[in-house]
Every structure is written in C-alpha cells, then in structure tokens.
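Q: Sequence:
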Amino acid sequence: MFFIAGFLVFHRPVPWNFTDSVYERIVMFCLELVMRFTYIYPPLLLYDDPFEQLNYTRAAGGFLLSFITPDSLLDDELYIDDVFFGSVSVRVYRPRDNRTNRAAIVFFHGGAFVVGNVQMFESVTRQLAKDTQMVVVSVDYRLAPEHVFPVGLDDCQEALIHMMRYGWKEYNVDPLRIAIMGDSAGGGLVAAVAQRLRHRHDIPPLKAQIMVYPLVQFHNLKTSSYDYYYREMDGTAFLDPRGLVQYYLMYAGIDIKSHSRIVDIILNNEHVSTLNRQILDEYIDFNILPQKYRMRKDLSFAKYDTETAELVAPFLMNPDFAPMVQANLSGLPTSLVVTCEHDILRDEGILYAHRLMKAGVQTTWKHLPTSFHGLLNFHTTLGTAGNAFRYISDWILSNV
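At position 226 of the sequence shown the residue is numbered 226 (the UniProt record's numbering), and the sequence of numbers has no breaks.
Just so you know, the hints here were simulated from the structure itself, not pulled from any lab data. Glycine residues also receive a C-beta, built at the ideal position from the N, C-alpha and C atoms. Careful: at least some of the hints might be erroneous.
25 Å max Cα-Cα, derived BS3-like pairs, lysine-lysine [stated by the list, open to error]:
hint	residue 1	residue 2
1	K222	K257
2	K207	K366
3	K130	K366
4	K257	K303
5	K222	K292
6	K207	K358
7	K257	K207
8	K222	K130
9	K366	K292
10	K169	K222
11	K207	K130
12	K292	K358
13	K169	K207
Derived DEER-like restraints, expressed as beta-carbon distance ranges [said to hold, decoys possible]:
hint	residue 1	residue 2	range
14	K366	E307	20 to 30 Å
15	G235	P70	24 to 34 Å
16	D49	Y391	40 to 50 Å
17	E282	Y166	35 to 45 Å
18	P42	L176	45 to 55 Å
19	Y23	N318	42 to 52 Å
20	E158	E77	20 to 30 Å
21	L176	E307	47 to 57 Å
22	S258	G235	39 to 49 Å
23	Y230	V34	54 to 64 Å
Turn these sequences into a full structure, and let the hints guide you.
A: What follows is the structure, given as structure tokens:
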C-alpha cells in the first residue's frame, strides 16, 4: 500500500513517443525518477538561496554522470591530454594513428552556462573523436555566476582562435577543416562565436557549425514547445522553464535575490518592452514554424514590467547573449541544427535553422521526433541516443 501511494504521488508519465521503444521508455522512467530525487528535489528542500541550490545541482549532476563517464584518460585508440590554449583550459583527443591534415572539432559543452565541465562530457567528446577520427578539443570555459557574460563566450572564442592559429600545427590538422560543435547552451555559444568570427580575415574560415538543441533566445518563453512542457512534462527532471530562466539570469549577472519577482515576470513574457518587441518580431517570427507547432492564438505578450524590461534589454538585444536576435545571418559556415520533440528549446532551434536557410547558409535541420533535451549524454545507454549520435558523426564526416 505504501509503495502504491508513493508511486501515485511521485509518478510523472513521459509522453507515449518518448524514445524509440517501450523498453527505453521504461529505462528513462526509472532514470528520470533517480534524477529527480538526486538533483531536483534535494536542493529545493534544503536551500532557499538559488546559488546554494546551484552548487548542489552541480555536485549531484557530476555524481550521476560519473556512472556513464570514463574515469581514466588512458584509451587504446586516443591520446588524451589536458592543456591550455592561451589562458583557457581544454582537453584534446587525438587518434593514435599518424595521419596528417585531419579535421578538428572544437566542442563547447552544455549546462545552461552554469553547470558542466570537460569531465562531465568526457563520454560524448571521446566517442566523437573515435567516430570521426578527428582531433576533438573540449573547451572548459568558465561558468556563471562566478564568471558572468561574456566570460564563457570569450573563453570559447579564445580557445578556437588558438586552435586556428597555432594548434593545427601541433596536432597535424588542416586549418581549413575546423568545425565547432555544442549542445544546449554550448549550441548557443557555437552560434555566437560563429557570428563573431564570420567576417574576420586574420584567421581561417570555419568549416562548419553543429548546434544540438541550441539555446539561442530569451525573449519568448511561451512558445509551443514551452506550452508542450507544461502540458506533458511538468514536474519531470528534464530541462524546465523556471530553472532555465534562473540560470540565464545568473549568466547575465543579474541578482535574482534582489529582484524577487523577476523569474515569474520573465516566465510570463513580461520582460520585453513594446518597442523592443516590435524590433525583435522583424526577424524572430515563430509563425514560420511547422503548422503543428504554431500557437492557436497569440498569448505570448500581453503586458510588460518596465523595471525588468530595462534590466534585461542590454542582454536581450545582444546577439552575443541571444544569437537569435542577430538580424543578418549570412556568411556563416555550413550548419547542422538538431532539435528534439520533447524539449522546451525545440521551437527556437527550428526557427534558427530556418533563418540560416533563408540567409543562404547551407543548413541541415535534423529533427528527432522521439528524443529529449540532454540526449547526447545518454548515447551509451539508449539506442535512441546512439542513433542520433551516429547521425551527427556521419554528418560531420560528410561535411567537415
């Protein structure tokens, strides 16, 4: 009886098409429950301070990922070294053969700008190097709130430029075959770095950019993918709107404790002034989404809070912070954008891919109809994730 009662209280069903099989849905049901009780519930119950909650989440997330992450840098197929590119710590993976003029991938990990490091993504980057037989550089950029915007972005750019100017010689890489890749917040960093560097002539041009469920906008948190989360996935351990807003504000260096209502204001889309909304709507049009993802009626913006709108406007309108607001996307490298059905970032990823295409950028949009945010980290656990990983690796082999 106690077990049944506990099940009814804590059960959070996942959508019927979550992963590719019933077996994997059962696996994810169990893993989601573990994640919820490991790093969702405890910090909320133990701490009131969002920064203390974050510290707990960092530790718990690292603990969980340690079970699927190699704990040794020794590998029969790869040389793996922790080094510095300029002032930025990176981990470099090199295939053990002596081939020259190979391609390279510079990887920016996800984690909403506040969580993650090269070790937490070790399984992803190591497998990427093996699948592609390319040099992979995983960037250990500094995190917020200790280092606020644009420090993490600057770190990623510095590491990439170092690879383009010097690293290619040391690692026998063709400087014209260097790509950047990232997931979630890392995908947003990829977009921002590519935008920054596209017109520079003192470094080689980027060969490609790969953005996996990228985080690229902060002006509309009532898209259909957010609405889907509230209807189908609310209360689960997957990326949630409230946590995302808190982390985005930490990245911006905005003190959540001093602005007690700011998270709710942003969740209600009351953080964009009428003037800025008109500017943004010129090139951020969610009506170009596939028909099934369009909202039946526009409830996105009803009013706005003046203080919050003024506070976030410098970030909201800055493409370094929110790459979607870049008015001109021409001149960017060949692109892959991967989106997942069960993800609050789904719609912005789709829209960014369409905007790249409209700007004349050679772009592949790959939608995963049974997948979820954070999928890459499960590539050794779920066939659904493994298949997605192989698609990305094959695309890289064909385009880099």
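Q: Work down the list of hints and note, for each, if the structure agrees.
A: Hints and how they fare:
no.: 1; hint: K222 / K257; verdict: holds, 24 Å
no.: 2; hint: K207 / K366; verdict: holds, 19 Å
no.: 3; hint: K130 / K366; verdict: holds, 22 Å
no.: 4; hint: K257 / K303; verdict: holds, 23 Å
no.: 5; hint: K222 / K292; verdict: holds, 15 Å
no.: 6; hint: K207 / K358; verdict: holds, 19 Å
no.: 7; hint: K257 / K207; verdict: violated, 43 Å
no.: 8; hint: K222 / K130; verdict: violated, 39 Å
no.: 9; hint: K366 / K292; verdict: holds, 17 Å
no.: 10; hint: K169 / K222; verdict: violated, 47 Å
no.: 11; hint: K207 / K130; verdict: holds, 20 Å
no.: 12; hint: K292 / K358; verdict: holds, 21 Å
no.: 13; hint: K169 / K207; verdict: holds, 17 Å
no.: 14; hint: K366 / E307: 20 to 30 Å; verdict: violated, 41 Å
no.: 15; hint: G235 / P70: 24 to 34 Å; verdict: holds, 32 Å
no.: 16; hint: D49 / Y391: 40 to 50 Å; verdict: holds, 41 Å
no.: 17; hint: E282 / Y166: 35 to 45 Å; verdict: holds, 41 Å
no.: 18; hint: P42 / L176: 45 to 55 Å; verdict: holds, 48 Å
no.: 19; hint: Y23 / N318: 42 to 52 Å; verdict: holds, 45 Å
no.: 20; hint: E158 / E77: 20 to 30 Å; verdict: holds, 29 Å
no.: 21; hint: L176 / E307: 47 to 57 Å; verdict: holds, 49 Å
no.: 22; hint: S258 / G235: 39 to 49 Å; verdict: violated, 28 Å
no.: 23; hint: Y230 / V34: 54 to 64 Å; verdict: violated, 23 Å
Of the numbered hints listed earlier, those contradicted by the structure are 7, 8, 10, 14, 22 and 23.
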